[in-house]
Amino acid sequence: MTSAAKRDRLAISRPTEGAAGQTGSWRVFKPVVDKEKCNECGLCAMYCPDNAIDEDLAVDLRFCKGCGICANECPKKAIAMVREEK
Amino acid sequence: MIDPRSLFAITCKSFQELNTIAEIPKEEYIKKCTSACAGCSSSLNLRYVTKAAGPDTVLVVPACCTSVIQGIYPNTAMNISVYNIAFGAAAACASGMSNAFRQAGKKTNVIVYAGDGGTLDIGIQAMSGAFERGTDFLYICYDNEAYGNTGMQRSGGTPLGARTTTTPTGKTDAKKDIDAIIAAHNPPYMATACSAYPQDVFKKVQKALTFRGPTFIHILAPCPPGWRYPTEKTIEMGKLAVKSGIWVLYEREYGKLTVGAPSKAAMKKPIPLEDYLAPQGRFKGIDAKTVEILKQQIQKNFARLAAEEAAS
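Respectively, the protein sequence lines represent chains A and B. Taking this note's numbering, the leading residue of the first sequence gets 1, the next gets one more, and so forth. Taking this note's numbering, the leading residue of the second sequence gets 1, the next gets one more, and so forth.
Only chain A is shown next, with the shape it has when bound in the complex:
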């Protein structure tokens, strides 16, 4: 057996996006960014525990759990937490 084939038989997990499911479905409140107020300081992306805010400061709503840290830490108060509609 080649080493690659042996490795395939090993019971190891492989890195995948969404390994724990689409965690965005947990959300009750979603962050809505007011681009007028935003000065692109990037603190929201820095403090996001799940890296759901990318370099361009767009929120990935498939994975955002809606914790609200970004809204709480935003120095310009440019992020509002809005209740999700069913």
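In case anyone wonders, no lab produced these hints; they're calculated from the structure. There's no promise every hint is true.
Simulated pairs of lysine-lysine, DSBU-like, Cα-Cα distance not exceeding 35 Å [as the list claims (entries may be wrong)]:
(1) B:Lys106 x B:Lys256
(2) B:Lys203 x A:Lys37
(3) A:Lys30 x B:Lys51
(4) A:Lys86 x B:Lys32
(5) A:Lys35 x B:Lys107
(6) B:Lys300 x B:Lys284
(7) B:Lys268 x A:Lys77
(8) B:Lys243 x A:Lys35
(9) A:Lys6 x B:Lys32
(10) B:Lys243 x A:Lys30
(11) A:Lys30 x B:Lys284
(12) A:Lys6 x B:Lys51
(13) B:Lys268 x A:Lys76
(14) B:Lys26 x A:Lys77
(15) A:Lys6 x B:Lys26
(16) B:Lys239 x A:Lys30
(17) A:Lys35 x B:Lys176
(18) B:Lys26 x A:Lys30
(19) B:Lys203 x A:Lys77
(20) B:Lys239 x A:Lys77
(21) B:Lys26 x A:Lys37
(22) A:Lys30 x B:Lys32
(23) B:Lys207 x A:Lys76
(24) A:Lys77 x B:Lys284
(25) B:Lys107 x A:Lys37
(26) A:Lys30 x B:Lys203
(27) B:Lys239 x A:Lys76
(28) B:Lys269 x A:Lys76
(29) B:Lys107 x A:Lys6
As the structure is a prediction and not an experimental result, all values here were calculated from the model.
Starting from the known structure of chain A, arrange chain B on it as the hints suggest.
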């Protein structure tokens, strides 16, 4: 007296160089996303720990929140090598792993990422052994001050007066001072950090990995369901802990202590401890006497660290 620098040589990177590369890399080693609770500060820590360590790293994770949030087999959110191991065995496993890598001439970073239960209580003997043997590894303890993964039972890290499911009227014993225990092992580098200061966490991990020998970082990780505060206050809570002085940021390099800037400010003028205790459900109904004891402990701790810093 023997110069401790002769025992553990710094392998690479002068610290001037470190300051210039302190720019945090954009690569993420945790894929979207783990099943950690909303507002989890341990996830935030893990992002910056892995950014600082880079891809040539093995995380050794004993039973703790991090071992259950990785995703469901055969998938994992961790885009870095992770070895999950029994509760008491993390440091022993890391010892063997580190030795094997060094024997093979590899510089792979071995990092233990353990909770406070796996460090202060169950993992302490393996950790003490690894520090005594001078294993070349970094031990990170992220401290949410209870066994969060199993539903907040008291641990050695739970502070005086905090309610947990096993101390429903408030803990009657003080928090174990693990940093003093580690300091007694004379590691080349040890530090405390707080998840509310991610750049500080990043810098300390990066610095710790430049040392040869055992290094230790103790990170305070506020926990929304365990400490019973709203999820959005995770960063705020960490900052309040530092500003009130109940958590002190410092690093000790070859025995030389340096207190971090936010804690220096707190030593001069701390905010009232009540500002930190009041938003947390776990301190609900704490009596005035216990608060007074906590305040005295903070003052004693400040005095001890200030004296040590002045002497070193």
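Right, here's what the structure says about each hint:
Of the pairs offered as hints, the one joining lysine 106 (chain B) and lysine 256 (chain B) holds, with about 30 Å between alpha carbons and a cut-off of 35 Å not exceeded. Proposed proximity of lysine 203 (chain B) and lysine 37 (chain A) is supported: the alpha carbons are some 31 Å apart, at most 35 Å. With a CA separation close to 27 Å, the supplied pair lysine 30 (chain A) and lysine 51 (chain B) stays within the 35 Å bound. Restraint check: the Cα-Cα separation between lysine 86 (chain A) and lysine 32 (chain B) comes to about 24 Å, which is no more than 35 Å; the hinted pair holds.
A C-alpha spacing of about 45 Å is found between lysine 35 (chain A) and lysine 107 (chain B), which places the hinted pair above 35 Å, so the restraint is violated. Restraint check: the Cα-Cα separation between lysine 300 (chain B) and lysine 284 (chain B) comes to about 25 Å, which is no more than 35 Å; the hinted pair holds. In summary, the hint linking lysine 268 (chain B) to lysine 77 (chain A) is supported, as the alpha carbons are separated by about 30 Å, within the 35 Å threshold. Proximity of lysine 243 (chain B) to lysine 35 (chain A) is assessed by CA-CA distance (about 32 Å); at most 35 Å being required, the pair is judged to hold.
Simply put, lysine 6 (chain A) and lysine 32 (chain B) have alpha-carbon atoms about 28 Å apart, close enough for the 35 Å limit, and the pair holds. In summary, the hint linking lysine 243 (chain B) to lysine 30 (chain A) is supported, as the alpha carbons are separated by about 30 Å, within the 35 Å threshold. Of the supplied pair hints, the one linking lysine 30 (chain A) and lysine 284 (chain B) holds, its CA atoms being roughly 29 Å apart against a limit of 35 Å. About 30 Å separates the Cα atoms of lysine 6 (chain A) and lysine 51 (chain B), which keeps this hinted pair within 35 Å; it holds.
Proximity of lysine 268 (chain B) to lysine 76 (chain A) is assessed by CA-CA distance (about 29 Å); at most 35 Å being required, the pair is judged to hold. Our distance criterion of 35 Å between C-alpha atoms is met by lysine 26 (chain B) and lysine 77 (chain A), whose separation comes to about 25 Å. Using a Cα cut-off of 35 Å, the hinted pair lysine 6 (chain A) and lysine 26 (chain B) holds, with the two alpha carbons roughly 34 Å apart. Restraint check: the Cα-Cα separation between lysine 239 (chain B) and lysine 30 (chain A) comes to about 24 Å, which is no more than 35 Å; the hinted pair holds.
Only pairs whose Cα atoms come within 35 Å are accepted, and lysine 35 (chain A) paired with lysine 176 (chain B) is rejected, the gap being roughly 47 Å. Taking the CA atoms of lysine 26 (chain B) and lysine 30 (chain A), the gap is about 25 Å. The hint holds against a cut of 35 Å. Proximity of lysine 203 (chain B) to lysine 77 (chain A) is assessed by CA-CA distance (about 28 Å); at most 35 Å being required, the pair is judged to hold. At most 35 Å may separate the alpha-carbon atoms for a hinted pair to count; lysine 239 (chain B) and lysine 77 (chain A) meet this at roughly 19 Å.
Restraint check for lysine 26 (chain B) and lysine 37 (chain A): satisfied, since their Cα atoms lie roughly 25 Å apart, inside the 35 Å limit. With a C-alpha separation of about 17 Å, the suggested pair lysine 30 (chain A) and lysine 32 (chain B) falls inside the 35 Å cut-off, and the hint holds. Distance check on the hinted pair: lysine 207 (chain B) and lysine 76 (chain A) sit about 33 Å apart at the alpha-carbon level, within 35 Å; holds. Between lysine 77 (chain A) and lysine 284 (chain B) the alpha-carbon distance is near 30 Å, which keeps this suggested pair within the 35 Å criterion.
Simply put, lysine 107 (chain B) and lysine 37 (chain A) have alpha-carbon atoms about 46 Å apart, too far for the 35 Å limit, and the pair is violated. For the proposed pair lysine 30 (chain A) and lysine 203 (chain B), the alpha carbon gap of about 32 Å is at most 35 Å, so the pair holds. Of the pairs offered as hints, the one joining lysine 239 (chain B) and lysine 76 (chain A) holds, with about 19 Å between alpha carbons and a cut-off of 35 Å not exceeded. Distance hint between lysine 269 (chain B) and lysine 76 (chain A) is fulfilled; the C-alpha atoms sit about 27 Å from each other, no more than 35 Å.
Taking the CA atoms of lysine 107 (chain B) and lysine 6 (chain A), the gap is near 26 Å; set against the 35 Å cutoff, the hint holds.
Consistency with the previously given hints fails for numbers 5, 17, 25, ordered from lowest to highest.
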